[in-house]
Amino acid sequence: MKRSASLALFSLLLALLVSACGGGGTASLGSGDVLVVGGQNVSKDDLSAMMNRAKASYKANKQKFPKPGTQEFSSLQGQAVTYLLQRAELAQRANDLGVKVSNKTVDDRINLVKKQSYGNDQTRFEAALKQQGLTLDQYKTFEKFQLISEEVYKKVTSKVHVSDSAIKDYYTKNKSVYQQKESRDVRHILVNKKSLADQIYAQLVAAHETNFAKLAKKYSKDPSSAANGGKLTIVRGQTVPPFDKTSFALKTGQLSKPVHTQYGWHVIQALSGIRAASATPLSKVKDSIRQQLEQQQKNQLMTTWINNMQKQFCKPGKIKYQVGYKPTTDPCAAFTSTSSTATK
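Here the sequence shown is numbered in this note's numbering, starting from 1 and rising by one per residue.
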């Protein structure tokens, strides 16, 4: 099934910051609700807004929106219900963590979006909302949830720290990543036929290679170097073997006879000496390693937090669905051997 752009966005958000549930008693399930989870209800109006946004996205992408009763529609609705379920639980868990987002913060975020994406043009902004099937209030709700998600992430991962010794250990174990192999500057002319390569080689020898750039621009089939007179900087082991072997065997200024590779026939000249292999010192990459390790730790910590929360909200009786709204793919399937949710 082709997924709509909006639901793809929702899925990305959930993949990064999806919460699970717990806390509080379960509220009652009303006739206007799709589900109730913990102490929070999710209304049919909420679901309708989600589906309208999906419908607008399908239209924008010139896709036919699935008809109610079809498997594709059920799958799409199930994704929306799952999103709303997890959004409701994130709100509850955010409250447990003391996360609060003011209306002013939401307005500031929206004003920033308007400035960066629409040049503060209110008409363009409203047109974009309409295209996505959103009212301003619905968009504010979405942005508020985004801000809450970001704050939850900060709270959960706030104590992540990467020590200098951990950075040094990572650098030592992955030193090959920070090594630069031998390199040198060459120029070459690539043609399809050996007979032409032989002719070019003869012309170069006769002119003592002074016509190399002119011939490269005229004959070479290599789009990356022809316009530059055939010049390349190559790194040991990063070109096809015959080209690599010949290039690094030449003396500085020496011209090779035609060399055959899978791309055709090359005439190569070494322009520089061979630059020795070297390693980037730890001091140059320390900050980037720290950022990398911090992000890894944060992701691991967030994954653990998500899993623990999901186990909590998937306990029996925590979630109740209105008849016809339970997703085909049970959000709790990975955590329970039997159904943990009820249908009214």
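Calculated directly from the structure, the hints in this document are not laboratory data.
All values derive from a computational prediction rather than experimental measurement.
Cβ atoms here follow ideal geometry from the backbone N, Cα and C, with glycine treated the same way.
Any given hint could be a false lead.
Said to hold, decoys possible - In silico DSS-like links for lysine-lysine, alpha-carbon gap of 27 angstroms or less:
no. : residue 1 : residue 2
1   : K144      : K311
2   : K155      : K194
3   : K67       : K114
4   : K159      : K140
5   : K64       : K326
6   : K67       : K168
7   : K130      : K67
8   : K181      : K284
9   : K67       : K181
10  : K194      : K218
11  : K173      : K286
12  : K100      : K115
13  : K64       : K44
14  : K104      : K115
15  : K284      : K155
16  : K173      : K194
17  : K55       : K181
18  : K100      : K311
19  : K231      : K67
20  : K181      : K245
21  : K67       : K104
22  : K140      : K155
23  : K44       : K130
24  : K55       : K155
25  : K320      : K67
26  : K231      : K214
27  : K130      : K104
28  : K245      : K193
29  : K231      : K245
30  : K154      : K298
31  : K100      : K67
Stated by the list, open to error - Beta-carbon label-pair distances, calculated as ranges:
no. : residue 1 : residue 2 : range
32  : P242      : L129      : 13 to 23 angstroms
33  : A128      : T233      : 20 to 30 angstroms
34  : S75       : Q131      : 34 to 44 angstroms
35  : H208      : E294      : 30 to 40 angstroms
36  : A128      : K245      : 51 to 61 angstroms
37  : T233      : D137      : 51 to 61 angstroms
38  : K59       : L282      : 45 to 55 angstroms
39  : S48       : A128      : 13 to 23 angstroms
40  : N95       : S48       : 17 to 27 angstroms
A quick look at each hint next to the structure:
Between K144 and K311 the alpha-carbon distance is near 25 angstroms, which keeps this suggested pair within the 27 angstroms criterion. Restraint check for K155 and K194: the C-alpha separation of about 66 angstroms exceeds 27 angstroms, so the hint is violated. Under the criterion of a C-alpha separation no larger than 27 angstroms, the hint pairing K67 with K114 is inconsistent with the structure, at around 34 angstroms. Restraint check: the Cα-Cα separation between K159 and K140 comes to about 30 angstroms, which exceeds 27 angstroms; the hinted pair is violated.
Of the supplied pair hints, the one linking K64 and K326 holds, its CA atoms being roughly 24 angstroms apart against a limit of 27 angstroms. Taking the CA atoms of K67 and K168, the gap is about 58 angstroms. The hint is violated against a cut of 27 angstroms. For the suggested pair K130 and K67, the alpha carbons sit about 22 angstroms apart, so the restraint of at most 27 angstroms is met. Only pairs whose Cα atoms come within 27 angstroms are accepted, and K181 paired with K284 is accepted, the gap being roughly 17 angstroms.
Between the alpha carbons of K67 and K181 the distance comes to roughly 58 angstroms, so the proposed pair goes past 27 angstroms and is violated. For the hint pairing K194 with K218, the CA-to-CA distance comes to about 16 angstroms; that is within 27 angstroms, so the pair holds. Annotation: proposed proximity of K173 to K286 holds, straight-line Cα distance about 14 angstroms (limit 27 angstroms). Proximity of K100 to K115 is assessed by CA-CA distance (about 25 angstroms); at most 27 angstroms being required, the pair is judged to hold.
Proposed proximity of K64 and K44 is supported: the alpha carbons are some 23 angstroms apart, at most 27 angstroms. With a C-alpha separation of about 16 angstroms, the suggested pair K104 and K115 falls inside the 27 angstroms cut-off, and the hint holds. For a cut-off of 27 angstroms, the pair hint linking K284 to K155 is broken: about 30 angstroms separates their Cα positions. The suggested pairing of K173 with K194 is violated, with an alpha-carbon distance near 46 angstroms, which exceeds 27 angstroms.
A C-alpha spacing of about 53 angstroms is found between K55 and K181, which places the hinted pair above 27 angstroms, so the restraint is violated. Distance hint between K100 and K311 is fulfilled; the C-alpha atoms sit about 24 angstroms from each other, no more than 27 angstroms. Proposed proximity of K231 and K67 is contradicted: the alpha carbons are some 59 angstroms apart, above 27 angstroms. At most 27 angstroms may separate the alpha-carbon atoms for a hinted pair to count; K181 and K245 meet this at roughly 14 angstroms.
Distance restraint check for K67 and K104: the Cα-Cα separation of roughly 40 angstroms exceeds the 27 angstroms cut-off, and the hinted pair is therefore not satisfied. Restraint check for K140 and K155: the C-alpha separation of about 22 angstroms stays at or below 27 angstroms, so the hint holds. Restraint check: the Cα-Cα separation between K44 and K130 comes to about 21 angstroms, which is no more than 27 angstroms; the hinted pair holds. Under the criterion of a C-alpha separation no larger than 27 angstroms, the hint pairing K55 with K155 is inconsistent with the structure, at around 35 angstroms.
Pair hint K320 plus K67 holds up; C-alpha atoms about 26 angstroms apart against a cutoff of 27 angstroms. With a CA separation close to 12 angstroms, the supplied pair K231 and K214 stays within the 27 angstroms bound. A threshold of 27 angstroms between alpha carbons decides the hint, and for K130 with K104 the separation of about 23 angstroms falls inside it, so the pair holds. Proposed proximity of K245 and K193 is supported: the alpha carbons are some 21 angstroms apart, at most 27 angstroms.
Restraint check for K231 and K245: the C-alpha separation of about 17 angstroms stays at or below 27 angstroms, so the hint holds. At roughly 9 angstroms between alpha-carbon atoms, K154 and K298 fall within 27 angstroms of each other, so this suggested pair holds. Only pairs whose Cα atoms come within 27 angstroms are accepted, and K100 paired with K67 is rejected, the gap being roughly 39 angstroms. At about 59 angstroms, the CB distance of P242 to L129 disagrees with the hint of 13 to 23 angstroms.
Distance hint for A128 and T233: a CB-CB separation of about 45 angstroms, inconsistent with the stated range 20 to 30 angstroms. Evaluation of the 34 to 44 angstroms hint for S75 and Q131 yields a failure: the beta carbon distance comes to about 24 angstroms. The beta-carbon spacing between H208 and E294, approximately 57 angstroms, falls outside the hinted interval of 30 to 40 angstroms. Between A128 and K245 the CB atoms are about 56 angstroms apart, so this pair conforms to the stated range of 51 to 61 angstroms.
Checking the proposed 51 to 61 angstroms range against T233 and D137 shows it holds: the Cβ atoms sit about 57 angstroms from each other. Under the hint 45 to 55 angstroms, the C-beta atoms of K59 and L282, about 54 angstroms apart, fit the expected range. Taken as a hint, the range 13 to 23 angstroms holds for the pair S48 and A128, whose Cβ atoms sit roughly 20 angstroms apart. Separated by about 25 angstroms at the C-beta atoms, N95 and S48 satisfy the suggested range of 17 to 27 angstroms.
Checked against the numbered hints given earlier, the structure breaks hints 2, 3, 4, 6, 9, 15, 16, 17, 19, 21, 24, 31, 32, 33, 34 and 35 and satisfies all the rest.
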